[in-house]
Each structure stands twice: as C-alpha cells, then as structure tokens.
Amino acid sequence: MAKTVMIVDDAPVIRLMLRDIIEYNGFTVVAECDNGVQAVEKYKELKPDLVTMDITMPEKDGIAALKEIIALDKTARVVMVTAVDERESLIRAIRSGAADYIVKPFEEERVLSAVKTALGQA
Amino acid sequence: MIDHKTDRVIRTVADLGMDKAEQVFTKLLKTSVKIEIEKVYMADISDVTASANGLDTKIIGASVDLKGEIPFKFLFYVEERDSMLITDLMLRRPPGTAKEYDKYVYSAVQEAGNILASAMAGVFAADFKMRLAPQPPTVIHSFTGAVFEEYVMSTAASADEMLIIESMFKLTGHDLKCMMYMVPLCGAEKLIEFITSGIY
Numbered sequence: 001m002a003k004t005v006m007i008v009d010d011a012p013v014i015r016l017m018l019r020d021i022i023e024y025n026g027f028t029v030v031a032e033c034d035n036g037v038q039a040v041e042k043y044k045e046l047k048p049d050l051v052t053m054d055i056t057m058p059e060k061d062g063i064a065a066l067k068e069i070i071a072l073d074k075t076a077r078v079v080m081v082t083a084v085d086e087r088e089s090l091i092r093a094i095r096s097g098a099a100d101y102i103v104k105p106f107e108e109e110r111v112l113s114a115v116k117t118a119l120g121q122a
Numbered sequence: 001m002i003d004h005k006t007d008r009v010i011r012t013v014a015d016l017g018m019d020k021a022e023q024v025f026t027k028l029l030k031t032s033v034k035i036e037i038e039k040v041y042m043a044d045i046s047d048v049t050a051s052a053n054g055l056d057t058k059i060i061g062a063s064v065d066l067k068g069e070i071p072f073k074f075l076f077y078v079e080e081r082d083s084m085l086i087t088d089l090m091l092r093r094p095p096g097t098a099k100e101y102d103k104y105v106y107s108a109v110q111e112a113g114n115i116l117a118s119a120m121a122g123v124f125a126a127d128f129k130m131r132l133a134p135q136p137p138t139v140i141h142s143f144t145g146a147v148f149e150e151y152v153m154s155t156a157a158s159a160d161e162m163l164i165i166e167s168m169f170k171l172t173g174h175d176l177k178c179m180m181y182m183v184p185l186c187g188a189e190k191l192i193e194f195i196t197s198g199i200y
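Protein sequence lines correspond, in order, to chains A and B.
Here the working numbering is used: the first residue of the first sequence is 1, the next is one more, and so on.
Here the working numbering is used: the first residue of the second sequence is 1, the next is one more, and so on.
Keep in mind that a hint or two might mislead.
Taking lysine-lysine and the BS3-like style, the derived pairs with C-alpha atoms no more than 27 Å apart in a straight line are [said to hold, decoys possible]:
| hint | chain 1 | residue 1 | chain 2 | residue 2 |
| --- | --- | --- | --- | --- |
| 1 | B | Lys190 | B | Lys177 |
| 2 | B | Lys27 | B | Lys103 |
| 3 | B | Lys170 | B | Lys58 |
| 4 | A | Lys44 | A | Lys60 |
| 5 | B | Lys58 | B | Lys190 |
| 6 | B | Lys30 | A | Lys116 |
| 7 | B | Lys27 | A | Lys116 |
| 8 | A | Lys74 | A | Lys60 |
| 9 | B | Lys99 | B | Lys30 |
| 10 | A | Lys3 | A | Lys42 |
| 11 | B | Lys5 | B | Lys30 |
| 12 | B | Lys39 | A | Lys67 |
| 13 | B | Lys103 | B | Lys39 |
| 14 | B | Lys177 | B | Lys30 |
| 15 | B | Lys67 | A | Lys60 |
| 16 | A | Lys60 | B | Lys5 |
| 17 | B | Lys190 | A | Lys42 |
| 18 | A | Lys47 | A | Lys60 |
Examples of chain A residues toward chain B, derived with CB under 10 Å [to be verified]:
| hint | residue |
| --- | --- |
| 19 | Pro12 |
| 20 | Val13 |
| 21 | Ile14 |
| 22 | Met17 |
| 23 | Glu32 |
| 24 | Pro58 |
| 25 | Glu59 |
| 26 | Lys67 |
| 27 | Ala83 |
| 28 | Arg95 |
| 29 | Ser96 |
| 30 | Gly97 |
| 31 | Ala99 |
| 32 | Asp100 |
| 33 | Ile102 |
| 34 | Phe106 |
Hints listed in this document are in silico derivations from the structure and should not be mistaken for laboratory results.
Glycine is no exception: its CB is placed at the ideal position from the N, C-alpha and C atoms.
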C-alpha cells in the first residue's frame, strides 16, 4: 500500500509542485492544508505517514504546528519546507523533532530524497 | 544628493542581493535567469509615491514584512501579463498555458516575492550580520498607484526614504520587468550606518 503524505503550505503553487512530485513517485497525497491550525486538525484525523510542512505561514507557523504534532505523536515524520536562509528556524525545527528539511526553491530529487529518508526508504 | 559612501553602500547591497536572487530564480524557474540592475537608489517616499500615482499599470506583486533589528517592508511586483509567464515556468509548463489570474498565478508571484525577500534577508544576515525574519507574504493585484498608497505610504509615518532596486529579469527568450522596493522602517540613515560599519 502506498505511503500517505499530507502537504502543508500557504502557497497553492508550492502545494501543487509538491503534489506533482510526490504522486508521480508513487506516494498518495491524502490532504493539503494552508496553515498550521488546519495541519494539526488534519493530522489527528488522518494520521498520514509523512507531513511536508512550510515554516512561514499565517495563523500558526510550521514550527508551532510541528511541536503540536510531535506532542500528539512522537513517531510523526515531518519534513520542513522553507525559503532560503532561514537557518535558525531550521535548527529549531530539527530540535523540535523534524525528520529533515527542504529549502525552496527545491529540485525534485531533493524532495524525493527527503521523503524517502524520512519514511526509512532511502 | 547622496554622497559617494552611501551610494557605494546601497550598490553593494543591491549587487549582493541580485547575485543571490539570480541563483534562486534560476533554480525556481528552471531556466537561465540574468538579472540586470537598471537603477538602484535611495529616494524620498513622497517623491516615489507621487511618481507612482501617475502610473496606471496593473501589476501583481507580493509584500513581505522583514522583522528584525532594522525592520523592512519588501515589495516585489511584475506587470500583470508577466505573472502568467512566472507561473508557467514555476509549474514547468509551456509558456502560454496560464490563461487567467487564478490562485496559482497569485501564489506564484507571492512565492517569488517570498523567495526574493528571503534571499535579501540572507544577504543582510551573511554580509552585514543583520537578522531579518520574513513574515508571510501578502499578494497584491492592483494599479501601481494604489499599491503604493496601501503598502508604501502606510509606512511613511516611520520611514522617510526607501531603497529602490529597478531590475530587468532576462530569461531565455523573455524579458521580465520586475520592481523591488525595500523600505527601512527605522529610517534610511540608521540602515546606512549599520551597513557602512560592516563594509568600512
């Protein structure tokens, strides 16, 4: 059975780019969310195998949502997605339990590598 | 009239920023992008706004607040028709695929602005030891004059001058006229002092 992925990003164009890459490579996208509040709610409901999480988002940012998801489920696998040069945020994310991170703009190979590594398929 | 030292400072900032922007845009659009700086200067906000109010060009852009020791408002925009080309290139589709101003077009420009603002923040952090945290971008679709009224004049209470980078993004087979504005919310003088101390 294909592994399930939830994409969290406030930019529809980035969600579409990630969905194309993820689905083309045999994973199933079960939900898209555009903020951290929705992400936590959807995670509780769907328990996806992996979450891709943008850091800078309105309402609740990606780091806050990551912390809540990890508090709910210590085994959650979350890959952070962020714009260039937010290194301090990335360090905070890794310390908060993120499995990996992708820097925007991203290449398909890098997305796939992060997804597979986080899912233990590398 | 700005002095030679100030002129050198703002040109250094623009050059470093554009080098970084060129790298990220080439990667984002998966096509060779050459950014040429047409003009970079500090200008009085009221002069810029008066001039922009005279223009009725319809544009799509992104406004990003950069929070930090010296906070900025960052504004990036392209002419309406060019936003579709950016969208098609980002989504790896043939140019001409996007036909209407839908959520993907707005989002593509918003994300381009976000990535450029983050690139500029990265330059300030790496070269001038100034931390700037980009906030979620706001997308804009309006006339140039209205954009200045809403996004630039709203900062006029705390800022008097703005750093303007007029640039032309040259893609393989296409020219995109892009405008970037950075308004230091603490006032231009403090910004120049901060940057100068890192250069001299």
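We went through each hint and held it up to the structure:
For the hint pairing Lys190(B) with Lys177(B), the CA-to-CA distance comes to about 30 Å; that exceeds 27 Å, so the pair is violated. Using a Cα cut-off of 27 Å, the hinted pair Lys27(B) and Lys103(B) holds, with the two alpha carbons roughly 22 Å apart. Taking the CA atoms of Lys170(B) and Lys58(B), the gap is near 21 Å; set against the 27 Å cutoff, the hint holds. For the proposed pair Lys44(A) and Lys60(A), the alpha carbon gap of about 16 Å is at most 27 Å, so the pair holds.
As the CA atoms of Lys58(B) and Lys190(B) are separated by approximately 33 Å, the hinted pair breaks the 27 Å bound. Using a Cα cut-off of 27 Å, the hinted pair Lys30(B) and Lys116(A) holds, with the two alpha carbons roughly 23 Å apart. As the CA atoms of Lys27(B) and Lys116(A) are separated by approximately 22 Å, the hinted pair is consistent with the 27 Å bound. Only pairs whose Cα atoms come within 27 Å are accepted, and Lys74(A) paired with Lys60(A) is accepted, the gap being roughly 20 Å.
Between the alpha carbons of Lys99(B) and Lys30(B) the distance comes to roughly 21 Å, so the proposed pair stays at or under 27 Å and holds. Under the criterion of a C-alpha separation no larger than 27 Å, the hint pairing Lys3(A) with Lys42(A) is consistent with the structure, at around 16 Å. For the suggested pair Lys5(B) and Lys30(B), the alpha carbons sit about 37 Å apart, so the restraint of at most 27 Å is broken. Pair hint Lys39(B) plus Lys67(A) does not hold up; C-alpha atoms about 44 Å apart against a cutoff of 27 Å.
A threshold of 27 Å between alpha carbons decides the hint, and for Lys103(B) with Lys39(B) the separation of about 32 Å lies outside it, so the pair is violated. With a C-alpha separation of about 18 Å, the suggested pairing of Lys177(B) with Lys30(B) holds against the 27 Å cut-off. Proximity of Lys67(B) to Lys60(A) is assessed by CA-CA distance (about 17 Å); at most 27 Å being required, the pair is judged to hold. As the CA atoms of Lys60(A) and Lys5(B) are separated by approximately 42 Å, the hinted pair breaks the 27 Å bound.
Proposed proximity of Lys190(B) and Lys42(A) is contradicted: the alpha carbons are some 45 Å apart, above 27 Å. Among the hinted pairs, Lys47(A) with Lys60(A) is consistent with the structure: their alpha-carbon atoms are about 19 Å apart, no more than 27 Å. A distance limit of 10 Å between C-beta atoms decides the matter here; for Pro12(A) the minimum to chain B is near 4 Å, and the interface restraint holds. The closest approach between the C-beta of Val13(A) and any C-beta of chain B is roughly 4 Å, which is under the 10 Å cut-off, so the hint is satisfied.
Against a cut-off of 10 Å between C-beta atoms, the interface hint on Ile14(A) holds, since the closest Cβ of chain B lies about 6 Å away. Below 10 Å, beta-carbon pairs count as interface contacts, and Met17(A) has one with chain B at about 7 Å; its hint therefore holds. Interface restraint check for Glu32(A): the shortest CB-CB distance to chain B comes to about 12 Å, outside 10 Å, so the restraint is violated. Checking Pro58(A) against chain B: minimum C-beta separation of about 5 Å stays under 10 Å; hint holds.
Annotation: Glu59(A) was flagged as interfacial toward chain B, and the flag holds, the nearest CB pair being 9 Å apart, inside 10 Å. The criterion of a C-beta within 10 Å of any C-beta in chain B is not met by Lys67(A), whose closest approach is roughly 18 Å, and the hint is violated. The closest approach between the C-beta of Ala83(A) and any C-beta of chain B is roughly 4 Å, which is under the 10 Å cut-off, so the hint is satisfied. At about 17 Å, the closest approach between the beta carbon of Arg95(A) and any beta carbon in chain B exceeds 10 Å, and the interface hint on this residue is violated.
A hinted interface residue such as Ser96(A) counts as satisfied when its beta carbon comes closer than 10 Å to some beta carbon of chain B; here the least separation is about 17 Å, so the hint is violated. Violation of the interface hint for Gly97(A) is found here, the shortest Cβ-Cβ separation to chain B being roughly 21 Å, above the 10 Å cut-off. Checking Ala99(A) against chain B: minimum C-beta separation of about 22 Å lies over 10 Å; hint violated. Contact between Asp100(A) and chain B, as hinted, is not supported at the beta carbon level, the nearest pair being about 19 Å apart and thus beyond 10 Å.
Interface restraint check for Ile102(A): the shortest CB-CB distance to chain B comes to about 12 Å, outside 10 Å, so the restraint is violated. Below 10 Å, beta-carbon pairs count as interface contacts, and Phe106(A) has one with chain B at about 8 Å; its hint therefore holds.
The structure does not agree with the numbered hints 1, 5, 11, 12, 13, 16, 17, 23, 26, 28, 29, 30, 31, 32 and 33 stated previously, though it agrees with the rest.
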